[in-house]
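J.: Sequence:
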Amino acid sequence: MNDSRIDALSRVLTETRSRRGALASILGGALGLLGLTEAAAKNKKKGKKGKKGKKGGGNGGGDKTPVDPGDGTNVALDAEEAAFFTLLNNHRAANGLPPLVHQSQLAAAAEAHSQDMASNGFFSHDSPGGTDPEERMIAHGYTPFDFGENIAAGFQSAQQTFGQWINSPPHNANMLDPDFTETGIGRAYKPKSTYTWYWTNTFASPA
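Okay, so the sequence shown: first residue is 48 according to my numbering, each after it adds one.
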């Protein structure tokens, strides 16, 4: 796979319930970075949704077994998801930030979105069914006060995906946002799909 994609979304809900949003979209890999960030942000501000697509099944990236991510929640993660969680919190610790709790509802929302992208052949924060990150979190039983989402595609391993995000300022900002207290990680695998591997990392603090 010589092409990979990354995309970051961060929103904060203020006391007056107004929103501010930022969306970044970067296409990377062997072709290098292409300046898609600003255009994608403009589309998001206009509320542009992804094209309608039929729902389909998905193939998760291997068996998931219960792994304690370090906070006692015993959330089911596969080995690479667990490795990513460690990389994420080590990165926060190196920057003087507290660790994120791996929250089961945020993890379910992340997993569902990765599966959706793999199955329906799209790469976006907005699903073909019209849902955005906040709506997916709420649908999985989590009400966020503020939230963010990173998505990536093209790499199987936690280290490679972490490398995509840490080297992109908007994605790194989500990983190091001091206002976020909880996170969810989900990856999906589908052979012969555009990018084969799809990752979603959700971030939030509860309302």
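Worth flagging that the hints you see were computed from the coordinates, not collected in a lab.
Given the structure is predicted, the values throughout are model-derived calculations rather than measurements.
Heads up, the beta-carbon is just placed ideally off N, CA and C, and yes, glycines get one too.
Just so you know, not all the hints are guaranteed correct.
Computed beta-carbon distance windows for the label pairs [as the list claims (entries may be wrong)]:
1) 169 to 138: 16 to 22 Å
2) 253 to 204: 29 to 35 Å
3) 141 to 239: 20 to 26 Å
4) 241 to 214: 33 to 39 Å
5) 169 to 133: 28 to 34 Å
J.: Each hint should be assessed against the structure and marked as holding or not.
T.: Results of checking the hints against the structure:
no., hint, in the structure
1, 169 to 138: 16 to 22 Å, "violated (28 Å)"
2, 253 to 204: 29 to 35 Å, "holds (30 Å)"
3, 141 to 239: 20 to 26 Å, "violated (38 Å)"
4, 241 to 214: 33 to 39 Å, "violated (22 Å)"
5, 169 to 133: 28 to 34 Å, "holds (29 Å)"
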